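Sequences listed follow chains A and B, in order.
Residue numbering for the first sequence follows my numbering, starting at 1 and increasing by one per position.
Residue numbering for the second sequence follows my numbering, starting at 466 and increasing by one per position.
It cannot be assumed that every hint is accurate.
Said to hold, decoys possible - Simulated restraints, written as ranges between beta carbons of each label pair:
1. A:Val208 x B:Ala596: 54 to 60 Å
2. B:Leu929 x A:Gly340: 56 to 62 Å
3. B:Gln475 x A:Ala44: 24 to 30 Å
What the hints assert, rightly or not - Derived DSSO-like pairs (lysine-lysine); straight-line CA-CA distance at most 27 Å:
4. B:Lys899 x A:Lys372
5. A:Lys226 x B:Lys837
6. A:Lys8 x A:Lys187
7. B:Lys652 x B:Lys837
8. A:Lys187 x A:Lys226
9. B:Lys837 x A:Lys8
10. B:Lys652 x B:Lys473
11. B:Lys899 x B:Lys837
12. A:Lys434 x A:Lys187
Stated by the list, open to error - Residues on chain A that point at chain B, a partial pick, calculated with CB under 7 Å:
13. Lys8
14. Gln234
15. Met235
Derived from the structure by calculation, the hints contain no laboratory data.
For clarity, every value in this text was computed on a predicted model and none was experimentally measured.
A virtual CB, placed ideally from N, CA and C, is assigned to each residue, including glycine.
Protein chains: 2
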Amino acid sequence: MNPLFQEKLQVIGLGLAGFSDNLRQAGGEVLQLEWVPPAQGDAAANWQLANLFNCPQIEQANETALQRYLDAQPVLVGIAPAHELIPAMAEGQRRILHSGPPIAWADMCGPVQGAIAGAIVFEGWADDVSAAMALAAQGGIALEPCHHYAATGPMAGIISPSMPLWVVENQTHGNRAFCNLNEGLGKVLRFGANSPEVLNRLRWMGEVLAPTIAQALAVCGEIALKPLMAQALQMGDEVHNRNTAASGLFFKRIAPAIAGLPDAAAVLEFIAANDHFFLNLSMAACKAMLDAAANVPGSSMVTVMARNGVNFGIRLSGTGERWFQAPANPVNGLFFPGYGVEDAAADLGDSAITETAGVGGFAMAAAPAIVKFVGGTPADALNYSREMMEITLTQHPVFTLPSLNFMGSGCGIDARKVVDRGILPVINTGIAHKQAGVGQIGAGVTTAPLACFIEALAALADTLE
Amino acid sequence: MNPLFQEKLQVIGLGLAGFSDNLRQAGGEVLQLEWVPPAQGDAAANWQLANLFNCPQIEQANETALQRYLDAQPVLVGIAPAHELIPAMAEGQRRILHSGPPIAWADMCGPVQGAIAGAIVFEGWADDVSAAMALAAQGGIALEPCHHYAATGPMAGIISPSMPLWVVENQTHGNRAFCNLNEGLGKVLRFGANSPEVLNRLRWMGEVLAPTIAQALAVCGEIALKPLMAQALQMGDEVHNRNTAASGLFFKRIAPAIAGLPDAAAVLEFIAANDHFFLNLSMAACKAMLDAAANVPGSSMVTVMARNGVNFGIRLSGTGERWFQAPANPVNGLFFPGYGVEDAAADLGDSAITETAGVGGFAMAAAPAIVKFVGGTPADALNYSREMMEITLTQHPVFTLPSLNFMGSGCGIDARKVVDRGILPVINTGIAHKQAGVGQIGAGVTTAPLACFIEALAALADTLE
Numbered sequence: 001m002n003p004l005f006q007e008k009l010q011v012i013g014l015g016l017a018g019f020s021d022n023l024r025q026a027g028g029e030v031l032q033l034e035w036v037p038p039a040q041g042d043a044a045a046n047w048q049l050a051n052l053f054n055c056p057q058i059e060q061a062n063e064t065a066l067q068r069y070l071d072a073q074p075v076l077v078g079i080a081p082a083h084e085l086i087p088a089m090a091e092g093q094r095r096i097l098h099s100g101p102p103i104a105w106a107d108m109c110g111p112v113q114g115a116i117a118g119a120i121v122f123e124g125w126a127d128d129v130s131a132a133m134a135l136a137a138q139g140g141i142a143l144e145p146c147h148h149y150a151a152t153g154p155m156a157g158i159i160s161p162s163m164p165l166w167v168v169e170n171q172t173h174g175n176r177a178f179c180n181l182n183e184g185l186g187k188v189l190r191f192g193a194n195s196p197e198v199l200n201r202l203r204w205m206g207e208v209l210a211p212t213i214a215q216a217l218a219v220c221g222e223i224a225l226k227p228l229m230a231q232a233l234q235m236g237d238e239v240h241n242r243n244t245a246a247s248g249l250f251f252k253r254i255a256p257a258i259a260g261l262p263d264a265a266a267v268l269e270f271i272a273a274n275d276h277f278f279l280n281l282s283m284a285a286c287k288a289m290l291d292a293a294a295n296v297p298g299s300s301m302v303t304v305m306a307r308n309g310v311n312f313g314i315r316l317s318g319t320g321e322r323w324f325q326a327p328a329n330p331v332n333g334l335f336f337p338g339y340g341v342e343d344a345a346a347d348l349g350d351s352a353i354t355e356t357a358g359v360g361g362f363a364m365a366a367a368p369a370i371v372k373f374v375g376g377t378p379a380d381a382l383n384y385s386r387e388m389m390e391i392t393l394t395q396h397p398v399f400t401l402p403s404l405n406f407m408g409s410g411c412g413i414d415a416r417k418v419v420d421r422g423i424l425p426v427i428n429t430g431i432a433h434k435q436a437g438v439g440q441i442g443a444g445v446t447t448a449p450l451a452c453f454i455e456a457l458a459a460l461a462d463t464l465e
Numbered sequence: 466m467n468p469l470f471q472e473k474l475q476v477i478g479l480g481l482a483g484f485s486d487n488l489r490q491a492g493g494e495v496l497q498l499e500w501v502p503p504a505q506g507d508a509a510a511n512w513q514l515a516n517l518f519n520c521p522q523i524e525q526a527n528e529t530a531l532q533r534y535l536d537a538q539p540v541l542v543g544i545a546p547a548h549e550l551i552p553a554m555a556e557g558q559r560r561i562l563h564s565g566p567p568i569a570w571a572d573m574c575g576p577v578q579g580a581i582a583g584a585i586v587f588e589g590w591a592d593d594v595s596a597a598m599a600l601a602a603q604g605g606i607a608l609e610p611c612h613h614y615a616a617t618g619p620m621a622g623i624i625s626p627s628m629p630l631w632v633v634e635n636q637t638h639g640n641r642a643f644c645n646l647n648e649g650l651g652k653v654l655r656f657g658a659n660s661p662e663v664l665n666r667l668r669w670m671g672e673v674l675a676p677t678i679a680q681a682l683a684v685c686g687e688i689a690l691k692p693l694m695a696q697a698l699q700m701g702d703e704v705h706n707r708n709t710a711a712s713g714l715f716f717k718r719i720a721p722a723i724a725g726l727p728d729a730a731a732v733l734e735f736i737a738a739n740d741h742f743f744l745n746l747s748m749a750a751c752k753a754m755l756d757a758a759a760n761v762p763g764s765s766m767v768t769v770m771a772r773n774g775v776n777f778g779i780r781l782s783g784t785g786e787r788w789f790q791a792p793a794n795p796v797n798g799l800f801f802p803g804y805g806v807e808d809a810a811a812d813l814g815d816s817a818i819t820e821t822a823g824v825g826g827f828a829m830a831a832a833p834a835i836v837k838f839v840g841g842t843p844a845d846a847l848n849y850s851r852e853m854m855e856i857t858l859t860q861h862p863v864f865t866l867p868s869l870n871f872m873g874s875g876c877g878i879d880a881r882k883v884v885d886r887g888i889l890p891v892i893n894t895g896i897a898h899k900q901a902g903v904g905q906i907g908a909g910v911t912t913a914p915l916a917c918f919i920e921a922l923a924a925l926a927d928t929l930e
């Protein structure tokens, strides 16, 4: 009992923990909340935030954007080389797409430079990797983000004109999204490896794998991806870093149609051997759903999160194609034997489009076994999913989490809530070696940096009527 | 405070809850345990139980049996017709195997009679179902449990000489186990359906499916089943009533080898369309592992639990081939539209071999999504797995449960613990219509009846030195 009062002193502490300690020593009962001031305590940003939370235009715009995202029905309709799908990559154009927000060659990290050099050799624009590096450094190749062409790519995210792309159509609104094909693990272009083995595999993927799948799709028909992703969430995937079930479900759909084709055995073996094969389909599906929600004036819903290995960039629906960037956070994870955090490139890749769509790290509760790959415990996985519900507009009606009693995964990231609550979007990711040519060295969990959300909200405020 | 004592009265209640209520009203603090007297309060059985728990021979025997079970490595080595694999079913022998403990034709439930009649027509021993029923009723066909021939079959569990069987070899100890092939859901023989559609499917399975898989296995080689089952537990299966992931993993292993064969597309489509396809492989694997643990004198470890639609039967390692039976418990579950518990046959099938091996209901924590099929909540699924750890000898080192922080599933049922704790083995199961010819009408959860464990322990006590 506190001697000054008849009743026991009961306090909720919001500030420094030391204050609460003093109260406890004096006999008080204190519940210390884990609270931090919004917008890192910036007073002007806080005033702005208060206004943004009291803005009917934003509420209405978010409702519209969210509904468009929820209504989207991404369907795999085909597969074709990039030069056929993207006019800016048509015959004769020397353009290569990369992950994340725009970045100049000189500023790129090792694995992205390595992957671009590999793609230049793959296209026959240079004879070897060092000539390719020189060509790129001279500005001989146009380099642009995948996201500028409704495309995405995991890790380095390299798309060159000859590479086959998945074509995913949102059949509700008609927009299309693209993603390259998954090469497997180990020494692969997307982690910056560019040896002849890597380029030969890419050639086989373009000449055998993609045409075979295209023929099979013509037999088995279009494949709706949202139900497949939803089912995979019931089977321990979060469809970003764990795609074991989704890859198997896709394989079951396509294998009977592949069976009669000339290269059936090799193609089926390649797909069956890669538990990450579905990742690129998941990304294209997420991109197709989120593009449907883009460009709603006033909306604070996040439509893109992407990393180029140096900077993390986001886009809001209400600010259209504008990027808001901040230095990428480091990745806290598990490393393959012989590697450590000192070898790691910064957070990299367009695959955070999955988290932007409410799966990946947001749906980690569905995938307790992923902690063996990215670190932590199954309890952490549940907590990540619960936390993400605090910064999103709704819980997904189709992407449900069995371990949380089939609650929907938090989706529709509201930039206002991120800044207000100081809860950063969590992202499951692979870790690339910081040098070109090495490849993947681990996997882990990281977060989006707060600064780009603060900047995006300031820009959104400027657009309001 | 209780006025008689200086300190607050704190009581642990074991008996009637009413006593605890009185103590609480008098100001006491009571923790009421959910305790029931062992062996349903039977004094003689309790004395015996106390002796069995203090018996070094049983401890040693259980250690041996359990280790043999844990060391077993079940591997799919082939597929062949029953008449080639089981001498008692060779050419000219009119023998049909069924699920559960032995039972006379007249005592069998509707779906088992229906399935046997279907198999008689399938074998050409009668022209139609009614002639087949008459033939069986006259004793014209030898009817025996699958378990008498190292075999198992789900639901009615019918194996006739022409039917193909999976051949699973325990490569540690050399014993083999068999199971028939899964027909899919709906109107199928194992649920008592026997129409021409059902028998034609069985013919196709014998003439096309099985020979194609046999050829594919010759190409892709033997398939180790324990790692595959362990992986499926990380993907939301419990490998009894949920085999979606395991079927997909098996499909991925076999599809590239099937691709080049004449009936590849039809065979791949059949397997891909059936999420329960792996069940029969899971059962054969469990049988192979448990047979390795059989016949260890003195062991109270359960090696078989099986139901014939009337009685539930178990075998202990220490009592060899002797069956201990009790009436099967009803199944509490979800029914397909138009059906209810009044339409249901009693608990049926050899598939409880999965629970005997520590998966199925014992591993339900791995499969939260199964509650949509068998009823209950994901929290129930966790509780079932936790409870089963109370009646088993150990937690499986390979069959782990992600949602329970990768704890091993409880395995090696100790009949002593079942009787002592009054915790009944939980079983996930399909529900057949009680009449022949209808098929599956639901799925649910049931338990093994206590009486057969009490009887088995009495028999075990008689064998002790």
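Each hint tested on the structure:
| no. | hint | in the structure |
| --- | --- | --- |
| 1 | A:Val208 x B:Ala596: 54 to 60 Å | 56 Å, holds |
| 2 | B:Leu929 x A:Gly340: 56 to 62 Å | 58 Å, holds |
| 3 | B:Gln475 x A:Ala44: 24 to 30 Å | 58 Å, violated |
| 4 | B:Lys899 x A:Lys372 | 46 Å, violated |
| 5 | A:Lys226 x B:Lys837 | 19 Å, holds |
| 6 | A:Lys8 x A:Lys187 | 64 Å, violated |
| 7 | B:Lys652 x B:Lys837 | 21 Å, holds |
| 8 | A:Lys187 x A:Lys226 | 30 Å, violated |
| 9 | B:Lys837 x A:Lys8 | 48 Å, violated |
| 10 | B:Lys652 x B:Lys473 | 64 Å, violated |
| 11 | B:Lys899 x B:Lys837 | 23 Å, holds |
| 12 | A:Lys434 x A:Lys187 | 14 Å, holds |
| 13 | Lys8 | 18 Å, violated |
| 14 | Gln234 | 4 Å, holds |
| 15 | Met235 | 4 Å, holds |
Of the numbered hints listed earlier, those contradicted by the structure are 3, 4, 6, 8, 9, 10, 13.
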